[in-house]
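In order, the protein sequences belong to chains A and B. Counting in the numbering used here, the first sequence runs without a single skipped number right up to 403 at its last residue. Counting in the numbering used here, the second sequence runs without a single skipped number right up to 403 at its last residue.
It is worth saying that the hints were derived from the structure and are not from the lab. It is possible that part of the hints are untrue.
Cβ-to-Cβ under 10 Å is the rule here; a few derived chain A residues that face chain B [stated by the list, open to error]:
hint	residue
1	250
2	254
3	266
4	306
5	308
6	350
7	351
8	357
9	360
10	366
11	367
12	380
Examples of chain A residues toward chain B, derived with CB under 10 Å [claimed, not checked]:
hint	residue
13	231
14	237
15	247
16	248
17	262
18	343
19	358
20	361
21	363
22	370
23	377
24	381
25	386
26	387
Cβ atoms here follow ideal geometry from the backbone N, Cα and C, with glycine treated the same way.
For reference, the chains in residue letters:
2 protein chains.
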Amino acid sequence: MQAVDFYFDFISPYAYLAWTQLPALCARHGVQLRYKPILFAGLLNHWGQRGPAEIAPKREFLWKDTHRMASRLKVPFSLPKTHPFNPLLALRLALPEVSMAQQEQVIDAIWSAGWVQGAELSSIDALHQALTASHLDADVLLDRANQPEAKATLRAATEEAVRAGVFGVPTYHVAQELFWGCDRLDDLANFLAGKDPIDADKIRAILTNYSASADRVKSK
Amino acid sequence: MQAVDFYFDFISPYAYLAWTQLPALCARHGVQLRYKPILFAGLLNHWGQRGPAEIAPKREFLWKDTHRMASRLKVPFSLPKTHPFNPLLALRLALPEVSMAQQEQVIDAIWSAGWVQGAELSSIDALHQALTASHLDADVLLDRANQPEAKATLRAATEEAVRAGVFGVPTYHVAQELFWGCDRLDDLANFLAGKDPIDADKIRAILTNYSASADRVKSK
Numbered sequence: 184m185q186a187v188d189f190y191f192d193f194i195s196p197y198a199y200l201a202w203t204q205l206p207a208l209c210a211r212h213g214v215q216l217r218y219k220p221i222l223f224a225g226l227l228n229h230w231g232q233r234g235p236a237e238i239a240p241k242r243e244f245l246w247k248d249t250h251r252m253a254s255r256l257k258v259p260f261s262l263p264k265t266h267p268f269n270p271l272l273a274l275r276l277a278l279p280e281v282s283m284a285q286q287e288q289v290i291d292a293i294w295s296a297g298w299v300q301g302a303e304l305s306s307i308d309a310l311h312q313a314l315t316a317s318h319l320d321a322d323v324l325l326d327r328a329n330q331p332e333a334k335a336t337l338r339a340a341t342e343e344a345v346r347a348g349v350f351g352v353p354t355y356h357v358a359q360e361l362f363w364g365c366d367r368l369d370d371l372a373n374f375l376a377g378k379d380p381i382d383a384d385k386i387r388a389i390l391t392n393y394s395a396s397a398d399r400v401k402s403k
Numbered sequence: 184m185q186a187v188d189f190y191f192d193f194i195s196p197y198a199y200l201a202w203t204q205l206p207a208l209c210a211r212h213g214v215q216l217r218y219k220p221i222l223f224a225g226l227l228n229h230w231g232q233r234g235p236a237e238i239a240p241k242r243e244f245l246w247k248d249t250h251r252m253a254s255r256l257k258v259p260f261s262l263p264k265t266h267p268f269n270p271l272l273a274l275r276l277a278l279p280e281v282s283m284a285q286q287e288q289v290i291d292a293i294w295s296a297g298w299v300q301g302a303e304l305s306s307i308d309a310l311h312q313a314l315t316a317s318h319l320d321a322d323v324l325l326d327r328a329n330q331p332e333a334k335a336t337l338r339a340a341t342e343e344a345v346r347a348g349v350f351g352v353p354t355y356h357v358a359q360e361l362f363w364g365c366d367r368l369d370d371l372a373n374f375l376a377g378k379d380p381i382d383a384d385k386i387r388a389i390l391t392n393y394s395a396s397a398d399r400v401k402s403k
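Next comes chain A alone, as it looks inside the complex (with noise of 0.2 Å):
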């Protein structure tokens, strides 16, 4: 069975519009759903970027984007309480290695705390509610969550997504191809049903005869 690996960090809201839309087209192209929890703060720094919210006019484009985003999409969108906010112990929550066969339960409490009923998604007392209100053992979960192996996993974990080329929230990976980005499910949709209209090995072959230099021109 084809598998789509989705790269997410709770602190994107566009992660978040994602994971409203991406099990229902999972399940309508017969393909798995891999949940893969990352730091996307991680991301940025391999790649040298700033972070959307670390620009302010982006930051208040961001905003208003996603709040347009979740109308189109008709789905409930709340702020966080704060944001940006420390997402490693929601994070590490969300490991397979720590959720294990309730990863889907816990992930979807927690995405509907922070960005449905604009939960404090840093707070260890919002999350342990969270997971209770969802029917799950927080006492167990937390206690995983906050043992050094789950810290050092999502490292390891966000380090796997550099080397897999991800370099921002949400991408959806799938059979070599990346695509990024919350208004990019229809791209996706299209390559499940085989229906990309690129030859994406072509495209790569024509890059690798193209002009690769970086060097930025500079205002004279």
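Take the given structure of chain A and dock chain B to it, following the hints.
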């Protein structure tokens, strides 16, 4: 008459794709389209951001993504001979102070030469040829574009864009609202039709009371 300011750099394939749609979109909504050539590299330098072509997997995604988008829009799409290229001369030609009453023809000629015919847009010869083919007086235009005044004007235009909060291209600016991205033309159209689904003022107000901490979380 309401006006849309279109901030662009000939280096951006997304700005090219937006240009293929924007004149008709503005005409449909009875608004003026004002062309604002700016140096994308100047935006990146100001906001401390890396360009998409400077991150290897993002560069590959970008080319596939723009090919997919061109296919969806049913517009021709060729890669300029080199990329990134030095767009300064092309941008100066596009300034209203240089191309004057012929600004739209000059801009159309340059976009078509680079992104339809695959010309080398940093080359004075290629630009001369493109202008001439469009029945423009290439010698006069290039002479004006090479004056120190034109260089200063492009620098000032880029600085003005930064002050307006422009952080990327293409950006459409209308009535205090910035829309960023070739994939946000529908949002611009909704806004022009009075159908923006969000209350932008309300979101701005929320943001001022919201944590603006830009500290990154470090994996630990």
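Verification of the hints:
Because the smallest distance between the Cβ of residue 250/A and any Cβ of chain B comes to about 4 Å, under 10 Å, the interface hint for this residue holds. About 4 Å separates the beta-carbon of residue 254/A from the nearest beta-carbon of chain B, less than 10 Å, and the hint is met. For residue 266/A, the shortest C-beta to C-beta distance to chain B is roughly 6 Å, which falls under 10 Å, so the interface hint holds. This hint is violated: residue 306/A has a C-beta 13 Å from the nearest C-beta of chain B, more than the 10 Å allowed.
Restraint check, residue 308/A versus chain B: the minimum CB separation of about 18 Å is more than 10 Å; hint violated. The interface hint given for residue 350/A is met, as the beta carbon of that residue sits about 5 Å from the closest beta carbon of chain B, less than 10 Å. Restraint check, residue 351/A versus chain B: the minimum CB separation of about 8 Å is within 10 Å; hint holds. Because the smallest distance between the Cβ of residue 357/A and any Cβ of chain B comes to about 13 Å, over 10 Å, the interface hint for this residue is violated.
Restraint check, residue 360/A versus chain B: the minimum CB separation of about 8 Å is within 10 Å; hint holds. Among the interface hints, the one on residue 366/A holds; its C-beta lies about 5 Å from the nearest C-beta in chain B, closer than the 10 Å criterion. A hinted interface residue such as residue 367/A counts as satisfied when its beta carbon comes closer than 10 Å to some beta carbon of chain B; here the least separation is about 7 Å, so the hint holds. Taking 10 Å as the C-beta cut-off, the interface hint given for residue 380/A holds, the closest approach to chain B being about 4 Å.
The restraint placing residue 231/A at the interface with chain B holds, with a minimum CB-CB distance near 6 Å, inside the 10 Å limit. Residue-level restraint check for residue 237/A holds (minimum Cβ-Cβ distance to chain B is 4 Å; threshold 10 Å). At a threshold of 10 Å, the smallest CB-CB gap from residue 247/A to chain B is about 5 Å, leaving the interface hint in force. Given the 10 Å rule on beta carbons, the hint for residue 248/A holds: about 7 Å separates it from the nearest Cβ of chain B.
Checking residue 262/A against chain B by beta carbon gives a least distance of about 7 Å; that is within 10 Å, so the hint holds. Hint status for residue 343/A relative to chain B: violated, with the closest Cβ pair at about 13 Å, above 10 Å. Proximity of residue 358/A to chain B is violated relative to the hint, the smallest CB-CB distance being about 13 Å (cut-off 10 Å). For residue 361/A, the interface hint holds, the least distance from its beta-carbon to any beta-carbon of chain B being 6 Å, beneath 10 Å.
At a threshold of 10 Å, the smallest CB-CB gap from residue 363/A to chain B is about 6 Å, leaving the interface hint in force. Nearest Cβ of chain B to the Cβ of residue 370/A: about 6 Å, under the 10 Å cut. The hint holds. About 14 Å separates the beta-carbon of residue 377/A from the nearest beta-carbon of chain B, more than 10 Å, and the hint is not met. Interface hint at residue 381/A: satisfied, since its Cβ lies 4 Å from the closest Cβ of chain B, which is below the 10 Å cut-off.
Satisfaction of the interface hint for residue 386/A is found here, the shortest Cβ-Cβ separation to chain B being roughly 5 Å, below the 10 Å cut-off. Using the Cβ-Cβ criterion of 10 Å, the hint placing residue 387/A at the interface with chain B is satisfied: the shortest such distance is roughly 7 Å.
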